[in-house]
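With chain A held as given, fit chain B onto it using these hints.
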Amino acid sequence: MKKRKKSGHIARTRGEQIGYAIIMLVLGLFAFSTIYPVWHVVMYSISDSKLSMSGGFFFWPRGFSLKSYKMVFQTSQIWIAYRNSILVTFVGTVMSVGLSAITAYPLSRKRLHGRNFLSMVVFFTMLFSGGMIPLYLQVARLGLLDTFWSMILPTCMSAYNMFILRNFMQGVPDSLEESARIDGANDFIILVRIILPLCTPSLAAIAMFYGVHYWNNYMNCLLYTNSTGLQVLPLYLRTVLNSAAANALSASSDLSSLGEAASVLTEETVKMTVVAVSVIPIILVYPYLQRFYTKGITVGAVKG
Amino acid sequence: MTQTKIAPNRLKRYRRMWRDIRADWILYLLLVPGMVYVVLFHYIPMLGVANAFRDYSAVTGPGAWRGLEIFEKLFSRVAFQRAFRNNIIISLFKLLCGFPVPIILSLMINEIRRPRVKKFIQTAIILPNFISWFIISGLLFAMFSVTSGAIPGLIRALNPNAVITNVLQDKDCIRTVVIGSYVWQASGMGTIVYLAAITGIDQQLYEAAMIDGAGKWQQMVHITLPTLLPTIIVLFIFRVGSVMNAGFDQIYALSNSLVVSKIDIIDTYVFKIGIEQAKFSEATAAGLFKSAIGLVLVLTTNYLAKKVDPDSGIM
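If you're matching them up, the sequences are chains A and B in order. The working numbering applies: residue 1 is where the first sequence begins, and numbers increase by one. The working numbering applies: residue 1 is where the second sequence begins, and numbers increase by one.
Extracted from the complex, chain A is given alone in its bound form:
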C-alpha cells in the first residue's frame, strides 16, 4: 500500500495528467449511468405527477406525492408477488446450498469409489442440456406444473456452484477428519461440525449466487406456473410495465377512496413506483452482497 502512495507523488507528465482526467471522466460517467437510473426512478415516483410528466433529469423530486405508493400497495397482487419472490429466494437458497453441500462433500473425498465418474456425471450437465421443452415435459410429468416447487426444484443445484464448494472442501486436510472419526463422529457429523464451518467463505459466496439467481429469475415462474397466486416480482413488473395494465391499475375502481387525487396520477408515475418498489430491496442489501460476490468470483476463478 505504501508503495502505491509513493508512486502517486512522482511528478507526472502533462500527457499523463490528461490521461488521468480522461480515465476519471469515463469511469465517472459509467458509474453515473449505473446509479442515476435507480435514483431517477425513485425521485420520479415520489414526484407530483403533474410536474413530472414532461420528463428530463430528476436530481430531486418535483413536488412531493406518495399517492402512487398508496395506490400500488393497495393492490393485493404486489403483496402476493413480493411474498412469492421472498419465499422462493429464501426456501430456494436454503435448499440449493444444502443440496450443493451434501453433494460436494462426498465428491471431495478421495476414498469415494467412482468419484471421478460421479463428478463427470454432474459436470456433463454443464456442457449439454436437453433444452427448455424436454425439461418442461419432465416437470409436467412429475406433476409439478403450477406449484410453488416448480419454481425451485428444476434449478435446485448449479453444477458450477457445487464444484466451487467441492474444490474448497478438497483443501480441508484429511487429518482433521481422522481425529473426529476416532472420537466416534460419522460422516454426517463431520460434514456439519468440521467441514462446513471451515468452508464458511465459499458457502457464503454460493449462497449469494443462489440468492441473487432466485430473486432475479423469472424463467421458472414463466414456464411452469399459470396462476397469479404464484407470480413473482419480475413478472408482476412486466404486467405493470405493459401500459395497458398500468392504465387499468390507475383507473381501477378500488382507488375510488383516493377520489380526484387518483386522476392526476399518470401511468408513468405508477410504472416508476413499481420499478422503485422492486429495486429498493436490492439496493438495501447490495453493499453486503457485493462483498461476498467479489470473493466468490475470485474463489471460482482461482480454481482453474
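Treat the hints with care, as some may be off.
Here chain B is said to cover these stretches of chain A; the calculated rule only asks that three of the stretch's residues, wherever they fall, bring their Cβ under 8 Å from a Cβ of chain B [said to hold, decoys possible]: (1) 19 to 32; (2) 107 to 116; (3) 166 to 173.
Worth flagging that the hints you see were computed from the coordinates, not collected in a lab. Even for Gly, the Cβ is constructed at its ideal location relative to N, Cα and C.
Just chain B now, with coordinates in the frame of chain A:
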C-alpha cells in the same frame, strides 16, 4: 490402490468396494439427493430430445418416428431462420463489444489513486449485475420513454423542435439497445477477475520500469497487459464456448411486438412455439440444434484453452 491394480481378481475388487461402501454408507447416502436431482432434471430431459425425431402431442404423448423430417421442416421455416440469424448477430456483437470493455475498465480502475474512489467506482459499476432484466427494462423505459423519459426530456429542453424516436420500440435501434444494455449490465462483473489478476502483479516490476523512465502508458503496455494476457485468452475462449446463449432473460424482457423481428433468438423462438403454441417436436428440435452447437463449441474451445495454458481447461 496399487494392490487393486495388480490383483486380477475382479470379484475381490468388488467385494472390497462393497465393504468400503458399507463401512462408509453415510458418505454414499449423502450423495443420493444430488444424484436424484441430476437424473430427474438433467438426464431424463436429455433423453427427451428423442422427441425431436418423432411426433409428440401434449394429449397423446409420443407418436410416429420421423427421422430428420422435423429438422427439415424447422430449417425451412422463415421464423426459425430469422431467430438463428438474430441469435448469431446478437451473440457476436455481445462478444465483440462486451469482451474488451471489462479489460479496459479494469485497467482504468487500476489507475485510480484514491482507494475510496476506487471502491466507490467498483461498487457502482457492479450494481446492474444484481438487477433482474425486467427491472432493467423499467430503468430503460425511465431513461428513454419519449413522453416522460430523462433523455428525451433533456433533448426537448435543449431543442423544443427535436424529433425523438422511441429507441425501445424502433426496429433500427433495438439491437443497439440490447447490446448496449448487455455491456452496461455485465461489464462491472467482468472486471472482478481482471482486477484480482492485476492485484497479483509484483509491484517491483513497476518500480523497476519507473526507474528506467517508463511512463504510465508504457507500464500498462509492457507490464500489466502482458501479465493479463493468459487470463484474457482463457476467458475469451470460454466466452466463445457459450456464444450461442444470446440471453433469454434479457431478450424476453426487452421484446415487444414492434421489434421482435430484430431480436427474436433461438431460445425465445423455442419458448414461443413450444410453450405458447405447444409444437413440442419442433421446439425440441430447435433447442437440440442450439445445445448441439453449444456442446461442440465448448469442447473445441476447451481443447484450445488447454493448449494455451495446460492448467486452464475446465476438463
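If any of the earlier hints don't hold here, list their numbers in rising order.
3
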